[in-house]
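Protein chains: 2
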Amino acid sequence: MRKILLASLLGTLTLSPLTSYAQFAKSEDAINYRKGSFAVMGAHFSRIGAVVKGEKPYNKDEVIANAAIVNTMAALPWQAFGPGTEGGRSQPEIWKETDKFKAGADKMQKAVADLNTAAQSGNLESIKKAFAAAGQTCKACHDNYRKK
Amino acid sequence: MRKILLASLLGTLTLSPLTSYAQFAKSEDAINYRKGSFAVMGAHFSRIGAVVKGEKPYNKDEVIANAAIVNTMAALPWQAFGPGTEGGRSQPEIWKETDKFKAGADKMQKAVADLNTAAQSGNLESIKKAFAAAGQTCKACHDNYRKK
Chain A
207 MRKILLASLL GTLTLSPLTS YAQFAKSEDA INYRKGSFAV MGAHFSRIGA
257 VVKGEKPYNK DEVIANAAIV NTMAALPWQA FGPGTEGGRS QPEIWKETDK
307 FKAGADKMQK AVADLNTAAQ SGNLESIKKA FAAAGQTCKA CHDNYRKK
Chain B
207 MRKILLASLL GTLTLSPLTS YAQFAKSEDA INYRKGSFAV MGAHFSRIGA
257 VVKGEKPYNK DEVIANAAIV NTMAALPWQA FGPGTEGGRS QPEIWKETDK
307 FKAGADKMQK AVADLNTAAQ SGNLESIKKA FAAAGQTCKA CHDNYRKK
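These protein sequences, in sequence, are chains A and B. Counting from 1 along the first sequence, just add 206 to a position and that's the residue number in this note's numbering. Counting from 1 along the second sequence, just add 206 to a position and that's the residue number in this note's numbering.
Take every hint as true, because none was put in to throw you off.
Chain copies aren't distinguished; within one or between two, either way the pair holds.
Derived DSS-like pairs: lysine-lysine, alpha-carbon spacing no greater than 30 Å straight-line: (1) Lys335 - Lys259; (2) Lys334 - Lys232; (3) Lys241 - Lys259; (4) Lys232 - Lys262; (5) Lys232 - Lys335; (6) Lys259 - Lys232; (7) Lys232 - Lys266; (8) Lys302 - Lys316; (9) Lys241 - Lys345; (10) Lys316 - Lys353; (11) Lys262 - Lys334.
Hints in this document: simulated from the structure, not taken from any laboratory. Owing to the predicted nature of the structure, the values given are computational and were not obtained by experimental measurement.
Use the sequences and the hints to build the structure in full.
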């Protein structure tokens with residue numbers, strides 16, 4: 207019985223990431239995928255940044271569209287950090303501190319979801335706060351895990 | 207009066223793409239952005255392909271999730287083909303045959319929207335047909351506009 211429980215628990219815990227990791231035939235595909243998703247996410251995040259910094263006028267619909275794309279992209283890159291996919295701008299620590307890395311990824315996704323909510327509220331002050339908080343979560347991981 | 211009408215018409219026709227093009231500070235940023243969005247789109251399109259080819263078992267929710275990402279990504283890369291952003295794997299013809307290129311992009315987006323609808327229907331035969339049709343639109347542009 208204990209064995210069945212353990213097997214079931216392990217299945218629940220590991221099936222989803224394993225399935226995702228297995229989606230990349232080659233390490234290079236995983237690296238391209240995560241680079242790509244970060245590039246798209248960063249571009250749309252920066253567009254909100256330009257509004258927050260006052261470099262571009264605030265347009266509610268544009269911020270909503272950009273925040274929605276950032277939110278969609280924020281869920282994607284993590285599946286491409288599977289075992290054996292070291293490389294690109296990723297520091298090798300990612301594969302040594304997987305719990306810490308995952309915690310950072312989760313924090314970012316939560317902050318980006320908050321930014322998405324703020325965008326929809328149409329309140330520029332809320333957007334500014336949520337943008338700054340999300341930016342901190344990007345920076346935290348980049349400082350630790352991205353090659354300069 | 208005619209001048210005002212013309213100015214207004216031109217504004218309507220060109221403001222949106224110009225605004226988007228202007229989002230990229232450097233040509234390199236635009237190239238990275240379009241590479242990134244195509245890479246993510248291609249990865250999720252291939253996952254549906256594996257199901258269509260019978261290499262992976264059909265899971266309705268997974269196909270829905272993949273088709274939704276493909277559909278979101280399909281709208282993105284075009285804004286990154288602005289004037290002066292030649293390079294990467296893009297053939298220079300893109301900037302000479304802009305109408306033809308845009309028609310191909312529109313056709314692809316329509317086919318991908320159909321694939322998204324088919325995914326939600328849960329009918330594997332519909333998914334197979336919509337996948338093949340969408341794949342044709344990818345191939346048409348790659349044959350003409352992507353460097354080998």
